[in-house]
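Protein sequences, first through last, are from chains A and B. Every letter in the first sequence is one number past the one before it in our numbering, and letter 12, counting from 1, is 12. Every letter in the second sequence is one number past the one before it in our numbering, and letter 93, counting from 1, is 677.
Keep in mind that the hints are not guaranteed to be accurate.
Straight-line alpha carbon distances no greater than 20 Å define the calculated EDC-like cross-link-like pairs of lysine to aspartate or glutamate that follow [to be verified]: (1) B:K630 x A:D184; (2) B:K657 x A:E490; (3) A:K584 x B:E725; (4) A:K393 x A:E405; (5) B:K657 x A:D184; (6) B:K645 x A:D189; (7) B:K645 x A:E176; (8) B:K637 x A:E525; (9) A:K312 x B:E638; (10) B:K645 x A:D184; (11) B:K637 x A:D456; (12) B:K657 x A:E405; (13) A:K312 x B:E706; (14) B:K630 x A:D189; (15) B:K637 x A:D578; (16) A:K584 x B:E706.
From the derived model, a few chain B residues whose C-beta atoms are all more than 12 Å from chain A [said to hold, decoys possible]: (17) E601; (18) H604; (19) K637; (20) A644; (21) I646; (22) L658; (23) T672; (24) D700; (25) E725; (26) T732; (27) E733.
Quick partial rundown of chain A residues pointing at chain B, CB under 7 Å, derived from the structure [said to hold, decoys possible]: (28) W166; (29) F170; (30) R173; (31) G174; (32) A182; (33) E387; (34) M391; (35) Q394.
No lab work stands behind these hints: they were computed from the structure. Glycine included, each C-beta is placed from N, C-alpha and C at the ideal position.
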Amino acid sequence: MAKMIEATINGIDITVEEGTSILKAAQMIGINIPILCYHPDLPAWAACGICIVKIEGSPKLVRACATPIMAGQKILTHDADIVNVRREVVELILSNHPDDCLYCPRNGNCELQRLAAEFGIREQPFEKNLRDLPVDRSTPSIILDPEKCVLCGRCVKVCQGMQNVWALEFISRGDETRIAGAGDIQLSDTPCIKCGQCSAHCPVGAIYEKDDTRKVWNALQDEKKHVVVQIAPAVRVALGEAFGLEPGTIVTGKIYAALRRLGFDAIFDTNFAADLTIMEEATEFVHRFTTEGSAMPLITSCCPSWVDYLEKYYGDMIPHFSTAKSPQMMMASLVKTYYAQKKGIDPKDIYSISIMPCTAKKYEITRDQNMYSTGQQDLDVSITTREFSRMIKQAGIDFLNLPDEAPDNPLGLYTGAATIFGATGGVMEAALRTAYNMVTGEELGKVDFEMVRGLDGIKSAEIDIKGTKVRVAVAHQMGNIETVLNQIKEAKEAGKEVPYHFIEVMACRGGCIAGGGQPYGATDERRLKRIAGMYKDDVQQEIRCSHQNPYIKTIYDEFLDKPGSKKAHDLLHTHYVDRPLYQK
Amino acid sequence: MPATAMEEFTITDGLMEFIHQWKDKPGNLIMILHRTQQEYGYIPRKIAMDIAKEIGVPLAKIYGVITFYHFFKLEKPGRNMVSVCMGTACYLKGAGDLIQELENLLGIGVNCTSDDGEFSIESVRCVGCCGLAPVLTVNGEVYGKVKTEQMAEIVAKHRGA
Numbered sequence: 001m002a003k004m005i006e007a008t009i010n011g012i013d014i015t016v017e018e019g020t021s022i023l024k025a026a027q028m029i030g031i032n033i034p035i036l037c038y039h040p041d042l043p044a045w046a047a048c049g050i051c052i053v054k055i056e057g058s059p060k061l062v063r064a065c066a067t068p069i070m071a072g073q074k075i076l077t078h079d080a081d082i083v084n085v086r087r088e089v090v091e092l093i094l095s096n097h098p099d100d101c102l103y104c105p106r107n108g109n110c111e112l113q114r115l116a117a118e119f120g121i122r123e124q125p126f127e128k129n130l131r132d133l134p135v136d137r138s139t140p141s142i143i144l145d146p147e148k149c150v151l152c153g154r155c156v157k158v159c160q161g162m163q164n165v166w167a168l169e170f171i172s173r174g175d176e177t178r179i180a181g182a183g184d185i186q187l188s189d190t191p192c193i194k195c196g197q198c199s200a201h202c203p204v205g206a207i208y209e210k211d212d213t214r215k216v217w218n219a220l221q222d223e224k225k226h227v228v229v230q231i232a233p234a235v236r237v238a239l240g241e242a243f244g245l246e247p248g249t250i251v252t253g254k255i256y257a258a259l260r261r262l263g264f265d266a267i268f269d270t271n272f273a274a275d276l277t278i279m280e281e282a283t284e285f286v287h288r289f290t291t292e293g294s295a296m297p298l299i300t301s302c303c304p305s306w307v308d309y310l311e312k313y314y315g316d317m318i319p320h321f322s323t324a325k326s327p328q329m330m331m332a333s334l335v336k337t338y339y340a341q342k343k344g345i346d347p348k349d350i351y352s353i354s355i356m357p358c359t360a361k362k363y364e365i366t367r368d369q370n371m372y373s374t375g376q377q378d379l380d381v382s383i384t385t386r387e388f389s390r391m392i393k394q395a396g397i398d399f400l401n402l403p404d405e406a407p408d409n410p411l412g413l414y415t416g417a418a419t420i421f422g423a424t425g426g427v428m429e430a431a432l433r434t435a436y437n438m439v440t441g442e443e444l445g446k447v448d449f450e451m452v453r454g455l456d457g458i459k460s461a462e463i464d465i466k467g468t469k470v471r472v473a474v475a476h477q478m479g480n481i482e483t484v485l486n487q488i489k490e491a492k493e494a495g496k497e498v499p500y501h502f503i504e505v506m507a508c509r510g511g512c513i514a515g516g517g518q519p520y521g522a523t524d525e526r527r528l529k530r531i532a533g534m535y536k537d538d539v540q541q542e543i544r545c546s547h548q549n550p551y552i553k554t555i556y557d558e559f560l561d562k563p564g565s566k567k568a569h570d571l572l573h574t575h576y577v578d579r580p581l582y583q584k
Numbered sequence: 585m586p587a588t589a590m591e592e593f594t595i596t597d598g599l600m601e602f603i604h605q606w607k608d609k610p611g612n613l614i615m616i617l618h619r620t621q622q623e624y625g626y627i628p629r630k631i632a633m634d635i636a637k638e639i640g641v642p643l644a645k646i647y648g649v650i651t652f653y654h655f656f657k658l659e660k661p662g663r664n665m666v667s668v669c670m671g672t673a674c675y676l677k678g679a680g681d682l683i684q685e686l687e688n689l690l691g692i693g694v695n696c697t698s699d700d701g702e703f704s705i706e707s708v709r710c711v712g713c714c715g716l717a718p719v720l721t722v723n724g725e726v727y728g729k730v731k732t733e734q735m736a737e738i739v740a741k742h743r744g745a
């Protein structure tokens with residue numbers, strides 16, 4: 001039990017755990033101290049100075065984010081002096097920040113713009129000093145515009161600390177300081193895994209997703225194109241936030257309706273492909289688990305950032321990687337083969353689009369030749385939830401008042417197992433539901449595996465499949481995977497049995513529900529609400545195990561033969577290569 | 585400063601021994617970078633990458649340190665380092681004109697290296713002999729009360745020498 005201490009803030013008595021920052025203590029009693037560099041996902045490091053407060057008896061202003069409150073202290077968070085200093089902090093930041101807000105990707109949701117508005121900044125008292133630095137458009141996923149950077153350091157902390165990727169660092173010093181890869185190389189030459197967590201945490205428009213919506217608009221207008229769309233699991237519990245709904249609100253039916261109004265010719269659900277992924281991956285798992293000498297553990301591969309990370313950082317672990325493509329790419333393969341044949345459409349006339357919570361999915365669609373398994377680019381363009389929300393607004397669609405509609409078939413129906421792909425632990429749980437059936441030939445009574453759910457960085461469990469013990473681990477937030485992989489390496493080097501048989505990895509904290517392309521403002525509180533939405537969608541489904549999806553059965557009967565067949569391998573599987581960390 | 589092209593460098597035996605000595609000690613990165621610059625005259629990118637692997641420090645961190653301290657150089661300096669003092673006395677006595685004359689003669693500005701790799705120019709603060717202002721040094725050799733007309737001669741003396 002942590003020690004509790006008493007203090008006062010603005011004359012209000014509070015009792016908090018020792019070590020609580022002044023910022024958090026104030027938030028507990030409804031006092032909002034302004035912040036810019038601080039983010040609840042990250043350790044406070046007092047870069048910007050906007051959160052300064054007074055402590056009675058102390059001549060210095062202190063930064064509330066990084067100062068623990070002490071017993072007996074009397075804190076003052078707002079008075080004329082403090083507000084003046086804060087206003088000056090904003091003015092100083094603005095003195096080297098461009099004023100072209102109207103043309104900025106963060107116009108309307110920029111944290112600096114909001115502060116400037118709240119502090120009523122009407123003029124610039126300081127000399128404007130902008131830095132002419134080149135924009136980095138080298139990756140297909142994110143754009144880095146260092147001229148807009150306020151040096152809050154969130155992206156660096158995320159990239160190095162949370163993700164352990166180390167693509168970004170502060171380069172140089174003083175007023176020359178900027179964010180860049182090692183030695184001013186472009187992002188595509190760094191270890192960047194395109195997860196976009198930098199963009200999700202950036203308070204301003206310095207790092208943002210590459211906008212591909214124009215390609216989608218053009219395709220929709222082209223009468224010769226048959227435009228097919230798929231939506232990922234996590235989009236349905238977060239898109240509503242862009243329209244004022246609570247995080248975790250399930251808006252699947254409204255999304256289908258919005259897509260139909262936008263003019264898409266066929267509306268499919270990535271969840272169907274998630275069910276298919278489970279069929280392929282669970283088959284692969286059961287095969288490896290029951291075949292002596294197979295590479296164990298099996299590691300999931302549906303997260304493209306994780307794939308990129310593994311190829312760069314753990315090339316020696318490639319044999320452990322599931323060869324199953326991600327649900328996005330499985331759907332894409334089927335759209336230009338199975339669906340095209342069924343509809344009698346030349347796959348060249350199909351334009352295939354995905355809506356994803358993820359910036360790395362933009363990279364995945366052309367990552368190697370396996371993404372051209374249909375004889376052309378399998379998926380033409382991938383847009384994020386944020387881009388999709390803008391398209392709905394551009395189209396003048398009254399999203400909140402849309403009726404709930406259904407997707408098109410045969411690639412639209414999904415099970416509860418598929419939808420939980422969007423949350424950390426979901427792929428594992430879905431795979432276990434089907435693996436149990438594949439091993440025993442029986443159905444589970446209770447399909448929930450609560451031990452792999454939730455926000456703990458690494459979750460592990462031993463599952464009893466009728467006497468056979470299967471040890472699993474689930475890791476999310478890229479920086480957490482090192483521990484798990486080191487356990488595997490140590491066991492292998494010592495000639496011991498590996499600690500796990502099956503490992504799920506997602507690059508983003510909480511899984512895809514907090515992906516780099518989701519609506520801004522993800523914190524653990526919001527992540528938990530989105531996760532709750534995913535599991536609610538799971539129990540709402542009549543069918544909750546992938547192998548019971550009737551269209552999955554049909555597609556194997558009509559087209560794919562059986563899980564792991566030659567055709568399945570050609571279309572639904574891929575392979576990996578050891579890649580250098582740095583291209584330059 | 586752009587990253588220099590990847591040269592074919594390997595860590596010398598002396599540097600490797602030094603790295604192993606320092607690998608597990610606090611402050612190892614700065615010490616190893618100093619030793620590296622002593623060895624090559626700058627920090628070659630290939631060597632920075634090898635150091636990253638040897639001591640398990642991400643390359644981005646290494647570049648954060650290299651670019652933070654002016655001392656560390658990312659590009660190979662010229663065979664001759666011309667350091668023009670821009671301290672107060674030298675500045676007032678026309679050090680700016682000396683730099684201008686060097687630009688005319690060598691076709692390069694401060695913090696640049698001539699294409700033939702012969703000369704680099706840097707500006708430094710007080711060399712400690714203000715009585716001789718304006719002062720410049722070439723590879724540590726001091727020239728005092730320098731006039732612009734003498735510059736061609738000084739350059740010629742060191743070129744190819």
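>> When the structure is checked against the list of hints, which entries are broken? Sort them ascending.
In response: Violated hints: 2, 3, 8, 11, 12, 13, 16, 19, 20, 21, 22, 31, 33, 34 and 35; rest satisfied.
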